[in-house]
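Start from chain A and add chain B according to the hints.
Number of protein chains: 2
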Amino acid sequence: MNMTLRTDPAPALDDLRALLGERLSTGPSILDEHGRDEAYTPPQRPDAVAFPESTAEVSTIVKICARHGLPVIPYGTGTSLEGQIVPVSGGLSLDMSRMNKVIEVHDKDLDAVVQPGVTRTQLNDELHATGLMFTVDPGADASMGGMASTRASGTNTVRYGTIRENVLALEVVLPDGEVIRTGSRARKSASGYDLTHLFIGAEGTLGIITELTVRLHGQPESILSATCAFGSVDDAVETVILAIQCGLPMARIELLDEVQMQGMALLHPELGLPELPHLFLEFHGTEGGVREQVASFQEIAEGFGVRDFAFAEKTEDRNRLWAARHHAYFAAKALKPGASGVVTDCCVPISALARCIGRTKQAIDMSGLVAPLVGHVGDGNFHLVILVDPEDEAEMAQARDLAATINRIALSLGGTVTGEHGVGTGKQKYMEAEHGAAYGLMKRLKQAVDPADLMNPGKLVRG
Amino acid sequence: MNMTLRTDPAPALDDLRALLGERLSTGPSILDEHGRDEAYTPPQRPDAVAFPESTAEVSTIVKICARHGLPVIPYGTGTSLEGQIVPVSGGLSLDMSRMNKVIEVHDKDLDAVVQPGVTRTQLNDELHATGLMFTVDPGADASMGGMASTRASGTNTVRYGTIRENVLALEVVLPDGEVIRTGSRARKSASGYDLTHLFIGAEGTLGIITELTVRLHGQPESILSATCAFGSVDDAVETVILAIQCGLPMARIELLDEVQMQGMALLHPELGLPELPHLFLEFHGTEGGVREQVASFQEIAEGFGVRDFAFAEKTEDRNRLWAARHHAYFAAKALKPGASGVVTDCCVPISALARCIGRTKQAIDMSGLVAPLVGHVGDGNFHLVILVDPEDEAEMAQARDLAATINRIALSLGGTVTGEHGVGTGKQKYMEAEHGAAYGLMKRLKQAVDPADLMNPGKLVRG
Chain A
61 MNMTLRTDPA PALDDLRALL GERLSTGPSI LDEHGRDEAY TPPQRPDAVA
111 FPESTAEVST IVKICARHGL PVIPYGTGTS LEGQIVPVSG GLSLDMSRMN
161 KVIEVHDKDL DAVVQPGVTR TQLNDELHAT GLMFTVDPGA DASMGGMAST
211 RASGTNTVRY GTIRENVLAL EVVLPDGEVI RTGSRARKSA SGYDLTHLFI
261 GAEGTLGIIT ELTVRLHGQP ESILSATCAF GSVDDAVETV ILAIQCGLPM
311 ARIELLDEVQ MQGMALLHPE LGLPELPHLF LEFHGTEGGV REQVASFQEI
361 AEGFGVRDFA FAEKTEDRNR LWAARHHAYF AAKALKPGAS GVVTDCCVPI
411 SALARCIGRT KQAIDMSGLV APLVGHVGDG NFHLVILVDP EDEAEMAQAR
461 DLAATINRIA LSLGGTVTGE HGVGTGKQKY MEAEHGAAYG LMKRLKQAVD
511 PADLMNPGKL VRG
Chain B
61 MNMTLRTDPA PALDDLRALL GERLSTGPSI LDEHGRDEAY TPPQRPDAVA
111 FPESTAEVST IVKICARHGL PVIPYGTGTS LEGQIVPVSG GLSLDMSRMN
161 KVIEVHDKDL DAVVQPGVTR TQLNDELHAT GLMFTVDPGA DASMGGMAST
211 RASGTNTVRY GTIRENVLAL EVVLPDGEVI RTGSRARKSA SGYDLTHLFI
261 GAEGTLGIIT ELTVRLHGQP ESILSATCAF GSVDDAVETV ILAIQCGLPM
311 ARIELLDEVQ MQGMALLHPE LGLPELPHLF LEFHGTEGGV REQVASFQEI
361 AEGFGVRDFA FAEKTEDRNR LWAARHHAYF AAKALKPGAS GVVTDCCVPI
411 SALARCIGRT KQAIDMSGLV APLVGHVGDG NFHLVILVDP EDEAEMAQAR
461 DLAATINRIA LSLGGTVTGE HGVGTGKQKY MEAEHGAAYG LMKRLKQAVD
511 PADLMNPGKL VRG
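Chains as they are written, first to last, in my numbering: chain A, 61 to 523; chain B, 61 to 523.
Calculated directly from the structure, the hints in this document are not laboratory data.
A quick note: this is a predicted structure, and the numbers were derived from the prediction, not measured.
Each residue gets a CB set at the ideal place from its N, CA and C atoms; glycine is no exception.
A couple of the hints might just be wrong.
[What the hints assert, rightly or not] Derived Cβ-Cβ restraints for the label pairs, each shown as a range:
id	chain 1	residue 1	chain 2	residue 2	range
1	A	His-188	B	Pro-450	52 to 58 Å
2	B	Pro-511	A	Arg-83	39 to 45 Å
3	B	Glu-373	A	Asp-368	38 to 44 Å
Pulled out of the complex, with its shape left as it was, chain A reads as follows (with noise of 0.2 Å):
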């Protein structure tokens, strides 16, 4: 782990604990949460982490770190599924948690600028009264820097994009501690390159984001959720890829395969689902938009032999499905009491999608590991959680090997190693197959924007 690398931090840390005081930990407890993620890359402590409360306090630290050659990691909530947040040559963590405000909603303009510490559901609560919502909603209930960082999304990308069609404008620190902003409130702009989105998906290899003007769309007059089954995997997702075809705008449409049917039924038996694949669909609109848009699509599905058509009306059915739609990674863990999960991201053209999954279930046939399926399938995007004991090394490398020919195959179906987890440094082995010369282009981007490679080193690009 690059340890021959690592600066000395303290002369560093004594310079951030006058700024900072308390809010410089070097607490063991504080370490250790700060340093893993979700994912399986080893542990690392960082040498410490701070708790900055504002822009100006995060340029300070950065030029601090700067100054002494120390590594700096931003720190969301520690969700990452690809080891991003893991100091892996030590450094600053820079845990975001106390700049959670909400600064200002324009409610005329459909929009919210926030502080990165601020969570999915935090934000949505504020904004209830509004009747305006933020729609990109991973699994966990990740920070708003985490999310723009790592270029994550959800169930509801099919209808309203990714953290990338939902960000206007960042305002980041640079890694000489600079403050510059990117974009603007405008809805568009010609004006000179697109750093926001250089910056989104970026990891914080190239600066910290500090505050973010995010898009915000209408609650919807009407909404209504579905599940429904099918006899096949394949039936499911050619109704997928028909709709999609059709144009149906609709909200979610997300695959749970038989498998993962089998964990939802042993944690969620109140659902009352039959262990078959099955389409978890929301439908968005006025009254009449909804009813025709459910029409459109329960026509195209009983061409493909569906059954079990369950509606969920009220609010508190509707919010029961898609918790447990949110927390498909425990359900699919209650099939294999006390594993873990190695959790894989491809995402396909959505043409490619019936083939990807095909092959997908006969690798997991071939392999014999137990690995449920969910997918943002109106995105082309899937994810395994193939369950392994971690302690069991054969396992785990099974496992990794099964990830490896599943990624090999949605490359070489056109598609990417990760729709919404990002690179990390669970990733980094698939960019040359993934980006070809166009991965030197990165490694440039990141030399120029960075050369002292002190940004979360280690992760997306290497140094």
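Okay, now just chain B, sitting in the frame of chain A:
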């Protein structure tokens, strides 16, 4: 014009002629044609014009130019509005018009792979039978490469997004001739820096776009266009603001002020529209959805005293209406025969639009100039066509002063000086004011990607 920095082009042209034969031109009329766009940048001839036919050829051309230090300026249809294609330091104009093939249409994925010389109407003609459409529609019949490079948009943006939201992937020749691919045909990705968006809007200053994968949309089941008049621009704008806030998914909502409508009456008397501020509208959806949208819109508009609602249901009536809108520039010029137009392009948060337009109209009144206003007001973006005699230096100076005033107003309201025309040479003087320290980062990126400053030098960022 940096004459002292110009390279002797002869050695490069010898090598290029050996490669391209008659597809390298130094004919005076060809050089003139490639030395000016539709802006007021002083024309400047390139040293030669190349007409490449493949990516491999572009790569070889760029390598030859790199070896000899000759600037390369990509050229689409020459319809840029800020001097983007003018070879201000001489060099090779790279005319992409022969790379004009629609390579693949993926109807199941709603995307198409096209060469950069394909124009928007060419693509839509080729798509007609598929039931799909490409939505970005600037006034000119621009090329795909040009639209991507200037981050173009148009009248459909309020519903379908700008070119930024409608490009999935690019092939780009870098300044050293290396060919890279950015992105993939997968709908979303969290895989590395967002190089696609780095090249969109870069105006050819970072590399040459040689292929684009663009998003398509289903042709709507039902389309209805309409015009309506208001007693004041304010009433029209307040109608737009409320309609957007209510989440009406209108496909087009365009403002034409009373001055512009005077020009319309001169150039398009067949439309029979009164000389009052107008909105030109289009609704897309199912038949029921369109009816709902129209009813909601009418209810909102009635609150602001709308009158003279006229619907265009037939395709030919719709086409006539939107052709008139796309040629608004010519209708504007009809107001002052022989005049040319200095065009502005600011874009503000929609809540600031009424104020911005109000102050703009005051500034026009004080200037004594004639300046019709048309706008993609659903995006907060509007244009003036300031009518001037280009031979009258005093009037040109007045027009530039007026444009500067309007740009300052937009910046003071949190907007941008260019919603869709780009920077080129015309808007560089505003970059520091608009972006502050972020403009410095843009320069560093340019330096990192194009250290010899040979890709469209002098545009967007200055070397």
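- So does His-188 (chain A) sit 52 to 58 Å from Pro-450 (chain B), Cβ to Cβ? The hinted range 52 to 58 Å holds for His-188 (chain A) and Pro-450 (chain B), with Cβ atoms some 56 Å apart.
- Query: Does the Cβ distance between Glu-373 (chain B) and Asp-368 (chain A) fall inside 38 to 44 Å?
  - Reply: Holds, at about 42 Å.
- Pairwise beta carbon distance, Pro-511 (chain B) to Arg-83 (chain A), judged against the given window 39 to 45 Å: 41 Å, holds
This entry satisfies every hint, going by the numbered hints stated previously.
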